[in-house]
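Here is what each chain is made of, one letter per residue.
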Amino acid sequence: MATESSYYVPEQSRLPIFATIGMFLTAFGAANWVNGGSSYIFFAGALALATVLWFWFAAVIRENMQGLNSDQLKRSYVWGMGWFIFSEVMFFAAFFGALYYIRTFTLPWLGGEGDRGSSNMLWEGFQNTWPLMVTPDQAVSGDAAKVVGPKGVIDPWHLPLLNTFLLLASSVTVHVAHVFLKKNKRQAFNIWLGITVVLGAAFLFFQVEEYLEAYQHLGLTLESGIYGTTFFMLTGFHGAHVTLGTIMLLIMLLRSVIAHHFKPNDHFGFEAASWYWHFVDVVWVGLFIFVYVLGA
Amino acid sequence: MAHGPKPGFTRWLYTTNHKDIGSMYLWFSFAMFLLGGCMALVIRAELFQPGLQIVQPEFFNQMTTMHGLIMVFGAVMPAFVGLANWMVPMMIGAPDMALPRMNNWSFWILPFAFAMLASTLFMEGGAPNFGWTFYAPLSTEYAPPSVTFFIFSIHIMGASSIMGAINIVATILNMRAPGMTLMKMPLFVWTWLITAYLLIAVMPVLAGVVTMMLMDIHFGTSFFSAAGGGDPVLFQHVFWFFGHPEVYIMILPAFGIVSAIIPTFARKPLFGYSSMVYATASIAFLSFIVWAHHMFTVGMPIAGELFFMYATMLIAVPTGVKVFNWVTTMFRGSMTFETPMLFSIAFVILFTLGGFSGLMLAIAPADFQYHDTYFVVAHFHYVLVPGAIFSITAGVYYWLPKWTGNMYNEAMGKVHFWLAFIGLNVTFFPMHFVGLAGMPRRIPDYALQFADFNQIASVGAFLFGAAQIVFLFNVIRTVRGGKKATDEVWENPQGLEWTVPSPAPYHTFSTPPVVR
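Just so you know, the sequences run in chain order Z and S.
Quick note: the first sequence uses full-length UniProt numbering, first residue 1, plus one each step.
Quick note: the second sequence uses full-length UniProt numbering, first residue 1, plus one each step.
It should be emphasised that the hints constitute simulated quantities derived from the structure, not laboratory data.
Note that this is a predicted model, so its numbers are computed, not measured.
We put the CB at the ideal spot given by N, CA and C, even for glycine.
Misleading hints may appear alongside valid ones.
[Stated by the list, open to error] Quick list of in silico lysine to aspartate or glutamate cross-link-like pairs, EDC-like style, CA-CA up to 16 Å:
#: 1; chain 1: Z; residue 1: K183; chain 2: Z; residue 2: E124
#: 2; chain 1: S; residue 1: K6; chain 2: Z; residue 2: E223
#: 3; chain 1: Z; residue 1: K182; chain 2: Z; residue 2: E88
#: 4; chain 1: Z; residue 1: K146; chain 2: S; residue 2: E410
#: 5; chain 1: Z; residue 1: K151; chain 2: Z; residue 2: E223
#: 6; chain 1: S; residue 1: K483; chain 2: S; residue 2: D372
[As the list claims (entries may be wrong)] Listing some non-contacts, in silico: residues in chain S with all C-beta distances to chain Z over 10 Å:
#: 7; residue: F48
#: 8; residue: M116
#: 9; residue: N174
#: 10; residue: F223
#: 11; residue: V348
#: 12; residue: P365
#: 13; residue: T404
#: 14; residue: D445
#: 15; residue: V459
#: 16; residue: V470
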């Protein structure tokens with residue numbers, strides 16, 4: 001099985017059906033929760049799913065250390081991770097696309113410009129600005145408006161700029177860690193990977209600071225019209241991905257420090273996590289330009 | 001390591017075998033086909049005469065919505081994934097799918113997702129009632145509470161599709177036997193490779209759009225609400241950016257199946273293999289730049305109308321290449337008309353007919369007249385029923401002897417074909433006429449002058465439904481026994497799947513086969 005002259009034949013596995021049950025309970029529980037029910041099913045499902053995935057990854061790692069994985073199977077994991085990241089790119093594309101459409105078409109039309117400028121008849125007095133501080137609802141209903149725009153927006157040249165440096169630096173440090181791993185310098189690998197995790201955590205800390213500032217002082221919330229909607233959905237999903245990426249890298253660090261996993265020529269688990277990290281970094285650059293700089 | 005299937009039902013729960021998983025996909029999709037079909041029959045029964053007689057309008061809307069969702073996501077897509085599971089590893093000389101455990105996960109998510117979707121029928125306020133395209137704000141501000149469960153079931157279905165598609169890409173690119181170069185791959189493998197790319201590209205966009213709905217409904221965002229600066233039309237753009245590639249996801253594998261069957265029964269090699277590959281790739285590329293032809297009447301700038309009109313018409317070129325190749329393959333062939341061939345020939349003719357009505361709909365000014373009428377219903381049922389469903393049926397008859405080791409009953413297969421063929425034409429052809437005359441879709445009642453054609457359509461629908469019982473009976477009989485099939489099954493068919501015994505062993509190839 002180590003060679004490619006005969007094929008690897010997989011054994012039966014209980015993991016998928018348990019993972020399915022976990023995923024189903026998570027989804028069903030989430031729907032139940034936001035519809036006003038209790039949150040227990042969601043948390044039970046999420047815990048079950050996380051547990052199954054833990055055992056699943058453990059099984060994959062164990063098989064690899066036992067030498068069961070052929071080069072061909074390893075390539076399948078590489079393809080799998082690559083196309084998973086592409087699917088994530090398309091998920092973000094939907095939200096970037098929404099932002100583009102709103103700014104290029106919807107708001108000018110609502111403001112009375114362009115091909116469909118007649119929309120302004122429904123929202124008389126509305127003016128197209130970005131950031132959108134006065135919503136169409138406010139333009140028509142004044143103080144009685146239900147959707148109220150923000151009082152201010154985040155200044156890109158403070159916290160977001162700092163976060164840009166943090167995340168770009170972390171992409172470099174994770175790459176340096178990779179180089180040291182390939183040279184079999186274990187301690188240097190651990191240190192640089194550790195620095196990456198700290199940078200990721202610092203990014204998340206400042207992101208939370210920024211959200212607190214937005215909610216407590218700027219009136220910039222999910223409910224504050226389309227600016228808050230696009231701002232929080234884009235940066236929020238990115239933040240969720242940074243959180244996941246940081247956890248992935250932290251697990252890689254613990255695997256290396258505690259269990260001495262990874263060899264200079266066999267470490268796809270780490271490589272996959274680092275690819276994911278580079279991906280969230282690139283998304284951030286897009287966010288910094290299109291949401292923060294061009295949005296302020 | 002070569003072992004047969006484990007006994008007991010845990011074989012199916014824990015399996016990592018592509019054939020087991022393929023079979024489960026196919027049985028699941030047939031169950032969904034019957035469920036969605038019953039909903040269609042409720043619709044046709046109500047429309048048998050004008051006025052309201054059987055169901056309330058509210059329930060009628062739930063039926064049209066659930067019928068569409070179940071047929072698209074539950075019947076057609078899983079059936080093609082089931083065929084890919086069964087055939088792709090055999091066709092490329094692989095031992096199994098590249099990621100077998102994830103393969104099982106992709107399948108088992110589906111019954112749970114559809115149980116959740118179907119359970120909305122029994123929830124307070126009823127099931128989703130906003131059409132399978134779930135346009136905002138009907139699906140957000142004015143939706144029943146069950147919409148949340150609909151959103152999350154779409155989420156996990158999407159996860160299943162993305163994992164399945166990644167698995168197929170990894171299998172095709174990584175698991176081919178030595179010598180199986182890309183341009184030697186059977187067309188079914190090619191079309192599925194391209195379909196898998198479409199899935200990976202657009203299922204996340206669907207996840208994105210239902211997430212936007214969820215946020216608008218429960219968390220006060222303004223994506224689709226103009227009061228906050230959003231736009232309901234934004235929903236349609238994002239949805240159809242998913243939705244148009246989605247319709248090619250439901251037809252490209254069909255092209256692959258038909259391209260396998262026609263050469264076998266015409267006893268000639270497929271005409272224009274490489275042009276088929278390039279045509280498939282062109283259709284896939286074009287599918288990303290035509291989405292707004294679904295929304296010509298929504299109010300777009302004239303430049304948009306023109307761009308999407310011409311881009312849409314371009315699709316006729318690669319599709320024409322394909323139809324030309326199939327016809328040319330049959331030309332002067334020594335043809336016989338076994339059941340798979342009958343379904344394939346019907347596919348070529350009727351899918352082309354559906355393509356022509358598609359061209360009519362592509363003309364933006366004409367579409368202003370046709371939009372949201374039964375003409376549109378006729379069009380997409382002509383590409384989906386004799387397109388997707390007939391090709392799946394043809395594929396099942398074609399490969400069933402290889403799967404089970406037994407020949408199906410040819411006479412019963414032909415009865416199935418003629419019942420289905422007549423049934424579908426009687427159902428959907430009159431819809432062109434009532435559509436052009438202005439009958440709107442998704443309405444439980446209609447004006448008196450449409451009554452005759454609607455009665456004919458309803459009769460046809462029940463005939464088509466009855467035909468599927470014959471199919472089910474024939475398949476079960478073949479699985480249980482019958483005349484033994486030879487290893488080749490047909491007369492000199494091409495492809496690695498015919499070089500292995502019938503039924504194909506549990507693990508097809510333990511060493512890579514030789515590909516010349």
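Evaluation of the provided hints:
1. Between K183 of chain Z and E124 of chain Z, the direct Cα distance comes to roughly 67 Å. Violation of the 16 Å bound is thereby established for this hinted pair.
2. This hinted pair does not check out: K6 of chain S and E223 of chain Z have alpha carbons roughly 55 Å apart, beyond 16 Å.
3. Between K182 of chain Z and E88 of chain Z the alpha-carbon distance is near 28 Å, which puts this suggested pair outside the 16 Å criterion.
4. Restraint check: the Cα-Cα separation between K146 of chain Z and E410 of chain S comes to about 67 Å, which exceeds 16 Å; the hinted pair is violated.
5. Straight-line distance between C-alpha atoms of K151 of chain Z and E223 of chain Z comes to about 13 Å, which keeps the hinted pair within the 16 Å bound.
6. Note on K483 of chain S and D372 of chain S: the hinted pairing is violated, with a Cα-Cα distance of about 49 Å set against a maximum of 16 Å.
7. At roughly 36 Å, the least C-beta separation between F48 of chain S and chain Z is larger than 10 Å, which holds for a residue marked as non-interface.
8. Its beta-carbon lying about 6 Å from the closest one in chain Z, M116 of chain S breaks the requirement of being farther than 10 Å from that chain.
9. Against the 10 Å criterion, N174 of chain S falls within the reach of chain Z, whose nearest CB is about 5 Å from its own CB.
10. With 10 Å as the threshold on Cβ separation, the claim that F223 of chain S sits away from chain Z is violated: the shortest Cβ distance comes to roughly 6 Å.
11. Every beta carbon of chain Z lies more than 10 Å from that of V348 of chain S, the smallest distance being close to 33 Å; the non-interface claim holds.
12. The beta carbon of P365 of chain S sits about 17 Å from the closest Cβ of chain Z, which is more than 10 Å, so the claim that it is off the interface holds.
13. Remark: the non-interface label on T404 of chain S is consistent with the geometry, its nearest Cβ contact in chain Z lying 22 Å away (cut-off 10 Å).
14. With a least CB separation of 31 Å from chain Z, D445 of chain S remains clear of the 10 Å interface cut-off, as annotated.
15. With a minimum CB-CB distance of about 40 Å to chain Z, V459 of chain S clears the 10 Å threshold, and the non-interface call stands.
16. Against the 10 Å criterion, V470 of chain S stays outside the reach of chain Z, whose nearest CB is about 34 Å from its own CB.
Of the hints listed earlier, those the structure fails to meet are numbers 1, 2, 3, 4, 6, 8, 9 and 10, in rising order.
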